[in-house]
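Chemist: Chains as they are written, first to last, in our numbering: chain B, 1 to 301; chain P, 1 to 280; chain R, 1 to 340.
It should be emphasised that the hints constitute simulated quantities derived from the structure, not laboratory data.
Just so you know, not all the hints are guaranteed correct.
[What the hints assert, rightly or not] Restricting the straight-line Cα-Cα distance to at most 20 Å, the calculated cross-link-like pairs of lysine to any residue (SDA-like) are:
1. K251(R) - P214(B)
2. K251(R) - W216(B)
3. K79(P) - M274(R)
4. K213(B) - N279(R)
5. K213(B) - L83(P)
6. K213(B) - H89(P)
7. K251(R) - E279(P)
8. K251(R) - R191(B)
9. K79(P) - P214(B)
10. K215(R) - E279(P)
11. K274(P) - E42(R)
12. K49(B) - A227(R)
13. K213(R) - E279(P)
These are the residues of each chain, in order.
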Amino acid sequence: MNDITLKIREIATRLLQNGQVDIFMGWEKGQEEYTTRPFFARRVEDVEKLIFNEYSIHNLSNDLLKYRDGQEKIGIVVKGCDSRGIVRLLQDGQIKRQRLYIVGVACPGMKDPLQAVKDNSGFFPATTSGELARKCNDCIEPNPVIYDELIGDKQTPRVGQERFKLVKDIENMSADQRYEFFEDVFSRCIRCYACRQVCVACNCRTCIFDEMKPQWVGRETSISDNFMYHLVRASHMAGRCIECGECERVCPVNIPLMLINQKLIKDVNKFFGPYEAGMVYIEGAKPPLSSYQENDPDNFL
Amino acid sequence: MSEHKCNCENPLVPGVVEVIDIKDETPDVKSFFVRSIGGGVPFDVMPGQLGMVSLLPVGEGMYSVSWQEEQEYLHFAIKRVGLMTNELHRIEVGHQLGVRGPYGNGFPVEECKGKDMLFIAGGIGLAPLRSFIKYCFKHRQDYGKIQIIYGSRSYADLCFKDELFEKWPQEKDTEVYITIDNPEEGWDGHVGFVPAYLEEINPAAAGKIAVVCGPPVMIKFVLQSLEKMGYTDEQVISTLEMRMKCGIGKCGRCNVGSQYICLDGPVFNLAQLKQLPPEW
Amino acid sequence: MPILSKSKIKDVLNQLSQNAELFVPLARGDESGFYSWNSYQEGSDRLMLDALNVLLPPKSIVFPQTERMYSFTGNGTTVEIKETFESPQPRIIFGLRACDAAAIACFDDVFLTMGFVDSFYQARRDNTTIVAHACYQPGANCFCEAMGVDPTEPVNADVIIRDTGDSYIWESKTDKGEKLSAALGALLENKEAKSPQLQPFKQQANYEGVAEKLKGMFEDPMWEELASTCQTCGICTYVCPSCYCFDIQVKSWGDEGYRFRCYDSCMYSEYTLMAGGHNPRSNEQERFRNRFLHKLQFFSERYGKPLCTGCGRCIVACPVGINIVQIINQVKEADTSVRA
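Work out the full structure: start from the sequences and follow the hints.
Modeler: Pasting the structure below:
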């Protein structure tokens, strides 16, 4: 991975030096060997801080939203899943392709710095760490799907035959069992909105949960308000989640958010597919559930 | 920090009042006159202090008390800007509301005694100043010359018109200057923004206290003008507005630096304001 | 001295939960936090007294994430306040660390001083007994000592327990503590035991002079840089034992309803958004700066101590690795002479 780091620095230096970009988004080393975190280089002197290692997991595409109203040109390093996030933003009209210089890295799978910090925190019973992050075991596309420059050898997907195993397990439950399961997981939610904040598909300028006139969803951490939050969020993810798994990774109370997203992925594929969100960017193309036609069936409303 | 007193046992639980009169001030400002069920005021306020008014099923909002008429009623002048105030503007006389307070430090009415007073307001910003203005008239001998400079977007948007045009100009040693932002038919008064009008009138700084309230952008320009005109930081008083929820300095959001607007404010002099981060 | 043998810990917890709701640190599923001992499930839950701490702080016991304040009825134009919910229920927090005890002391400053007393908080606080757990082995992200917290002498404790290996020294500090000791009776033995030695801290934060120095750093460019990767989620505020900012909202249906308060986060933009649309802290950088200045400067100016007790939870849970120790040290080391 050291080669990749050097290559990234070389590209970043070139782009910043010749003014091709104003900001270059990558990762830097944190305090510990495992606390790699996002870093945005603005000057050539910053470039030496950039690294790429087995903990460069954070999906940076979401950070582009901070610059959506600006004119800055942005260089950004993306792995397979992150690159699908870029497609999400382009499809949603959030940023212009011309403003981006995309450096793709074929991803060998990442470890999760958050998990590593937790393992070393003393706040949880001792666990075995050092494995691939959970989200990386479900990876269907480790290779960037959109880029200006590609680094690293092509990787093979890690997900096996059992892509929707957990979803199927839940589908096989009785309605009561399912309710009990979801009541348990959603009752934990502390409504910190981290799942929304790290989500590249959550790019609405005013989120429905922040809307006060009217207030669609109450602010109580009660089972009904929590359900409402997660159901509304899930319905906004249908056909839009690009499976980067960041929501589930950052959740401080370990709500299995990707389980919900995967159910949506499975169903959208079944009813409107074949379709995988964010796998290809075709200008002007309308993915499922993003367009409306007069003859759409609407008898369910 | 001043001592704070609340009339209720639990400062976050409102008392119930009834609306005894409602008056349209402008197309989007109404005056609400409230008194406790069975008579009397829910609490005594000093000029510039605040009350938390709640339309119980809808929400609560913090408003400056525009006047306390003895033990008869509290007067709130409230502009329609959001969900809660929209609903509030629909109620009729006889409706019951929750009110808790008084909150905030209020104007330094004692320290201003013996001074000439210059009141500068924009839009609904006259509502808090009005309590001080009326206090000065009530204790006329304690204060010197009174000058009031007030501006709004249009004639229709001027609050308290009967007082502005009829009553106040007749008070002893009092001048009332009114301006609107843009010319309009039937208006032969001054046209232009408040800061410019202030510089035009150019009231001398000596022996004077200037009290300013209005939209943040107006306040910022008026403060600059006053400084230019030779007013010292101690001679200029302003009231700040932030989003508030608890009113008692606990919930956190109305802080500017380490000061809570609901508790330590809303009234600050310019010297105090300059100690605070410019985040209001 | 009174000694509590670890072999009797469950008996002690059972005994204490007879007359009060008892909260203990547990690992439950993938979570860890303070939970009612009555909900303890043998086998699946794990008592975390031997661990450093738990991720979710005990603040919700004295200051719940959602707390009903009062109910009302309204019939058209008339309204009536029905009931005020000031909880008189006795509670015991067992095994909280000095950082979390110090955070409750910060709450006491906020809710019980400076003019108004918050009756809802006072009712809970008065009815809460604290059995604090002295700390001798700082964890990877601990820096309480740098924030003025003595890990071995938790403040606000009614009882302090000290781990000696196979037992705890039971040190009663207040009348409330004496009552607990009496209730435990023979479950406490009388033996000699020696307190452990405090081990060195791995995190080195230097907070000395930082509050004063920050006064001149409001416009420092470091805030833009530090805030650039912040996701402005609320994790740090919700896992923080000392963050207390709250919102007041209403739930109503038909002729009735109730007003409640719930945790709010200064990281959210609506936190300061006024009804008319003006927002004094509309951008991420302003909110980020306000949070750290509140912790490190503003609170200190108002109450004489920082609003950070060095527990390290925000360092553990931040999705982008923002580290308050690094920020403190960066302020400490900043050369402000060239910037002013």
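Chemist: Which hint numbers does the structure go against, in order from smallest to largest?
Modeler: Numbers 7, 11 - these are the hints that the structure violates, sorted from lowest upward.
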